[in-house]
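Colleague: Sequence:
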Amino acid sequence: HYGRVMVAMRKGVAAGLDRDRKTQLSVILQQAKLFAGIYDEETKTRFQPTAAEIDAYVAAHPELDTKTERAKIEGVLARVRAGEDFVKLADQFTEDPSGKGRGGDLGWFGRGMMVKPFEDAAFGLKPGEVSGVFETVFGFHIVKLDERRGQGAGEEVHARHILIQYSKATRGQSAQRTTPRERAAVAVEEEKRNRALDEAAARRRIQVAETFAVGDAASAPAKPATAGGASAQQPAAATTPAAKGKTPATRPAPARKAPARRKP
Numbered sequence: 001h002y003g004r005v006m007v008a009m010r011k012g013v014a015a016g017l018d019r020d021r022k023t024q025l026s027v028i029l030q031q032a033k034l035f036a037g038i039y040d041e042e043t044k045t046r047f048q049p050t051a052a053e054i055d056a057y058v059a060a061h062p063e064l065d066t067k068t069e070r071a072k073i074e075g076v077l078a079r080v081r082a083g084e085d086f087v088k089l090a091d092q093f094t095e096d097p098s099g100k101g102r103g104g105d106l107g108w109f110g111r112g113m114m115v116k117p118f119e120d121a122a123f124g125l126k127p128g129e130v131s132g133v134f135e136t137v138f139g140f141h142i143v144k145l146d147e148r149r150g151q152g153a154g155e156e157v158h159a160r161h162i163l164i165q166y167s168k169a170t171r172g173q174s175a176q177r178t179t180p181r182e183r184a185a186v187a188v189e190e191e192k193r194n195r196a197l198d199e200a201a202a203r204r205r206i207q208v209a210e211t212f213a214v215g216d217a218a219s220a221p222a223k224p225a226t227a228g229g230a231s232a233q234q235p236a237a238a239t240t241p242a243a244k245g246k247t248p249a250t251r252p253a254p255a256r257k258a259p260a261r262r263k264p
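Number 48 in the numbering used here belongs to position 48 of the sequence shown; there are no gaps in the numbering.
These aren't lab readings, by the way, just hints derived from the structure by calculation.
Where hints are given, some of them may not hold.
[Said to hold, decoys possible] Below, in silico cross-link-like pairs of lysine-lysine (DSS-like), each with a Cα-Cα straight-line distance of 27 Å or less:
1) K116 to K72
2) K11 to K22
3) K33 to K44
4) K168 to K72
5) K67 to K168
6) K11 to K33
7) K126 to K72
8) K88 to K67
9) K116 to K126
10) K88 to K72
11) K116 to K100
12) K192 to K44
13) K88 to K126
14) K88 to K100
[Unchecked claim] Computed Cβ-Cβ distance ranges for the label pairs, DEER-style:
15) V133 to A52: 19 to 27 Å
16) S98 to E182: 19 to 27 Å
17) G16 to P117: 51 to 59 Å
18) G16 to I206: 29 to 37 Å
19) K11 to Q165: 55 to 63 Å
20) G107 to T68: 25 to 33 Å
21) A82 to E155: 25 to 33 Å
22) K11 to K116: 41 to 49 Å
Heads up, the beta-carbon is just placed ideally off N, CA and C, and yes, glycines get one too.
Produce the complete structure using the sequences and hints provided.
Modeller: Pasting the structure below:
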């Protein structure tokens, strides 16, 4: 991709396009984007957070700590391993509303219907087996496989599970489909990247204006308002399309559709 862009740039220079100011600015912008992409690739491993850094961040942000929830599900698993009935324990402990009162029953499902960690755990079991504790974006789970069968060219499983959800504080925004620890990792990486950029800017004495304007409008003096209250640059409200009953040029963005993937 980089090579194709550079070839196109050389052809443009040969044709004299580089003398046009808009073209010059466009070339500068594209070069900046290319170099930014190369920088991100070359520094990716440098800014990756270590387990110790993530642990330290979670310790400093208790809302991301999930020790209580993990301890609870591990206690339930210990009772299952000791021989207690999975169905009764599911009715007592699961925090998945769809499985409450049904022994955590999820019915039959195929691949692609659950989040990946849940699918991997369920399809990795033999009938009658119970998984260890694993984590998804919803919380901590244990799964018991009841049956499996062929379905067309694939396979389906019949399973039940016990879910211990993250606390409300730990869940964060509903749109954040990541685990608390994953959110901590992203935050640590962003902190490391920003710190490196600040240090580089300080070494090179780079200064960036807090506010700035580009173009002729920045130097043009403001024109006084007319008697009607509108400036000479802005027509009065009565002359706008909206005032005449026309459809405005801008419309609100359509709402995003909910993901098709089914919550376990």
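Colleague: In ascending order, which of the hints set out earlier in this document are inconsistent with the structure?
Modeller: Violated hints: none; all satisfied.
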